[in-house]
Amino acid sequence: MTTNTDLAVQFAGVGKKYPHFTLDDIHLEQEEGSIMGFIGANGAGKSTTIRILMGLVHQDHGMVRVLGHTMPHQQAAAKFDIGYVSEDMRLYRTATIDWHMRFIRSIYPTFDQAYAEQLCRRFDLKPQQKVKGLSHGQRVKAALMLVLARRPRLLVLDEPTTGLDPIARQEVLGELMQVLSDERRTILFSSHNTLDVEQISDSITFIDRGRIIDSGDKEGYLDRWRRMRVDVPPGVSLPSLPGTIQKASTGRITVLTTNSFDPAMTALCRDAGATVHNIDRMTLEEIFVANVASRREGVLA
Amino acid sequence: MHSGITISQSDSRPMYLQIMEQIKQRIALGDWVPGQEIPSIRQLAVELRVSVITIKRAYLELDREGIIVTQHGKGSTVATDPDLSPRLYDQELTEHVDQVARLGELLGHSPEELANRVREAADRLVKEHV
Amino acid sequence: MNFNMIRLLVLKDWYLQRWLIIGSLVGGAMALAITVLTGKAGFFIGLILLVTVLVVEGAQLAVSTVITERKEQNLAFVMSLPISYREYTMSKILANILIFLVPWALVLSGCLIILLAAPGAVHGLVPYVTIMGAYLLVSTCAILCVTLMTESQGWATAAIIVGNVGFNAVGYLVAHIPGIAATMFGVRVLWDSTSIGIVLAEFASVLLLLTLTFLVQSRKTDFL
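Residue numbers (numbering that gives the first Met the number 0), protein chains in the order written: chain G, 0 to 300; chain R, 0 to 129; chain U, 0 to 223.
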């Protein structure tokens with residue numbers, strides 16, 4: 000069922016060196032019409048990667064193409080079709096939300112005033128209010144409203160739900176999913192909220208310490224990763240199972256984390272004399288933590 | 000078209016399975032009749048706030064099982080003769096029963112004690128439905 | 000160059016700095032009034048006020064539009080707009096220069112008119128006043144360019160201090176140039192090659208500073 004879709008985002012061999020941090024050999028591909036969740040610890044390189052994507056930071060080497068434009072050289076053209084909201088972005092404190100709406104409208108012909116007003120109502124924002132009087136959550140929602148109302152082809156969001164109360168989060172997720180009803184529109188977002196990422200993302204990319212450690216479709220991850228509790232009687236040794244990322248034993252119980260689960264593993268263990276008691280699916284958060292931990296300890300399957 | 004499907008966060012089963020089950024339920028109950036158009040993959044994704052890829056997977060499986068028919072570019076419909084055969088639930092039952100047997104062994108139950116436990120659970124369910 | 004975007008950005012800065020602009024226009028007008036209406040003592044007080052207004056406005060502008068925008072994290076918002084860093088620089092230069100030019104032109108022409116038209120005024124001061132007025136333009140430009148290139152509050156402050164000290168130093172030096180000193184307090188307006196040369200050099204400096212800034216900024220690769 001795979002079709003030849005265009006890539007909205009493409010990174011190849013991208014690197015950037017800072018005094019205390021290096022972004023190394025970044026490869027990333029995102030298809031048009033999809034949502035990609037970008038997960039990483041603080042300081043892992045999420046924001047740097049996103050800034051390079053936007054052309055705000057020039058990579059030392061490697062190719063970046065966004066919506067067909069080469070970055071950073073063609074960033075002005077690209078940014079007409081990109082809506083960017085980052086956690087460290089602020090609107091002008093002395094101006095009102097309404098002023099920002101008029102400002103954006105004067106720049107982007109695609110700005111939909113009616114939709115913007117609808118979003119203000121849904122997000123509980125008062126256009127006449129000055130930005131300096133807004134709470135953190137309201138500021139985030141205002142910035143999101145301004146990009147959503149333009150209906151850009153690509154939305155690049157750095158922590159869009161961080162700091163929002165549960166109701167606001169649901170509103171934002173709802174609007175983001177609404178974007179996807181147009182199959183030519185794409186969303187890339189980074190988040191600490193792995194539950195949100197797990198729910199709405201089509202593909203996931205994990206980044207740690209400046210390197211992409213894994214990238215693939217979400218259902219694939221949830222299918223392939225398992226945590227198994229195996230009863231290993233004395234004198235029995237577990238067969239080496241493919242994709243074993245972590246293995247920890249206490250007494251007779253061995254807990255095994257694998258990234259290449261196969262139902263046949265149960266039989267393999269049984270044949271070796273061990274009994275599999277639990278096979279648990281893992282949440283995206285558990286997968287990410289296991290992935291990072293094993294990488295840092297240098298144990299790779 | 001509102002599907003009436005809900006995803007439970009606390010349900011440990013994968014989302015695509017939950018969706019599949021609820022679609023089968025709608026069809027079994029007669030809410031969705033054979034030949035009827037059902038929400039497109041993207042429509043359902045937006046409504047449930049679940050990724051497109053998950054809905055795609057659910058629909059793919061349902062298509063394979065002959066429950067729905069998806070035509071590329073034309074959306075999806077309930078199959079004219081949806082095969083909601085007990086065979087599929089039977090598979091699930093077998094898996095669960097095997098799990099029950101393992102747990103029983105761990106706890107040291109005899110097969111009779113285990114059978115009693117299962118009968119009690121089934122009786123309770125009957126009482127609830129009444 | 001997307002001139003439409005640059006125009007929109009300049010308008011944006013004008014809107015955000017509107018109180019500073021109005022304040023300096025009002026301050027400038029009041030200072031001019033003091034100069035004219037209060038006799039000899041008031042004349043000099045008024046002059047000092049005028050200069051103060053212009054200097055403060057010029058300095059504050061660069062800081063507000065460049066440093067504060069960065070500190071308040073508005074820069075990421077601006078850079079998410081469909082512009083390149085070049086266009087950003089161009090819009091900052093234009094916005095600041097234009098905002099400054101309005102009160103500057105008002106004050107300078109006001110001064111020259113007063114010098115030429117008010118009774119008992121000393122016409123010989125015209126070249127001197129023109130030179131010092133142009134100096135203020137150069138110094139404000141320098142502050143803007145340093146601020147843009149260094150992106151640092153510290154360097155901006157240093158440039159402001161140098162500009163102020165320079166004003167006094169240049170004021171003293173120029174007043175003692177023979178060609179100018181001789182005719183300063185005379186009745187007639189006398190431009191000689193020295194005074195003309197200085198004014199031309201000042202305008203050339205402005206162009207040089209702006210070009211240098213633009214070139215330096217073009218070579219920068221990272222906004223953030």
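A portion of the hints provided could be inaccurate.
Listed below are the simulated DSS-like cross-link pairs for lysine-lysine, each with C-alpha atoms no more than 25 Å apart in a straight line [as the list claims (entries may be wrong)]:
| no. | chain 1 | residue 1 | chain 2 | residue 2 |
| --- | --- | --- | --- | --- |
| 1 | U | 219 | U | 70 |
| 2 | U | 70 | G | 45 |
| 3 | G | 16 | G | 45 |
| 4 | G | 131 | U | 219 |
| 5 | U | 70 | G | 129 |
| 6 | U | 219 | G | 16 |
| 7 | R | 55 | R | 23 |
Only some residues are given here: those of chain G computed to face chain U with a beta carbon under 7 Å [stated by the list, open to error]:
| no. | residue |
| --- | --- |
| 8 | 75 |
| 9 | 85 |
| 10 | 119 |
Derived from the structure by calculation, the hints contain no laboratory data. Built from N, CA and C at the ideal position, the CB exists for glycine as well.
Going through the hints against the structure:
The straight-line distance between the Cα atoms of residue 219 of chain U and residue 70 of chain U is roughly 19 Å, inside the 25 Å bound, and the hint therefore holds. Taken as a hint, the residue 70 of chain U and residue 45 of chain G pair is honoured in the structure, with Cα atoms around 22 Å apart against an allowance of 25 Å. At most 25 Å may separate the alpha-carbon atoms for a hinted pair to count; residue 16 of chain G and residue 45 of chain G meet this at roughly 14 Å. The suggested pairing of residue 131 of chain G with residue 219 of chain U is violated, with an alpha-carbon distance near 31 Å, which exceeds 25 Å.
Of the supplied pair hints, the one linking residue 70 of chain U and residue 129 of chain G holds, its CA atoms being roughly 19 Å apart against a limit of 25 Å. Using a Cα cut-off of 25 Å, the hinted pair residue 219 of chain U and residue 16 of chain G holds, with the two alpha carbons roughly 16 Å apart. For the hint linking residue 55 of chain R to residue 23 of chain R, the alpha-carbon distance of about 16 Å falls within 25 Å, and the restraint holds. This hint holds: residue 75 of chain G has a C-beta 5 Å from the nearest C-beta of chain U, less than the 7 Å allowed.
Because the beta carbon of residue 85 of chain G sits about 6 Å from the nearest beta carbon in chain U, less than 7 Å, this interface hint is met. Checking residue 119 of chain G against chain U: minimum C-beta separation of about 18 Å lies over 7 Å; hint violated.
In the structure shown, a violation is registered for the earlier hints numbered 4 and 10, in ascending order.
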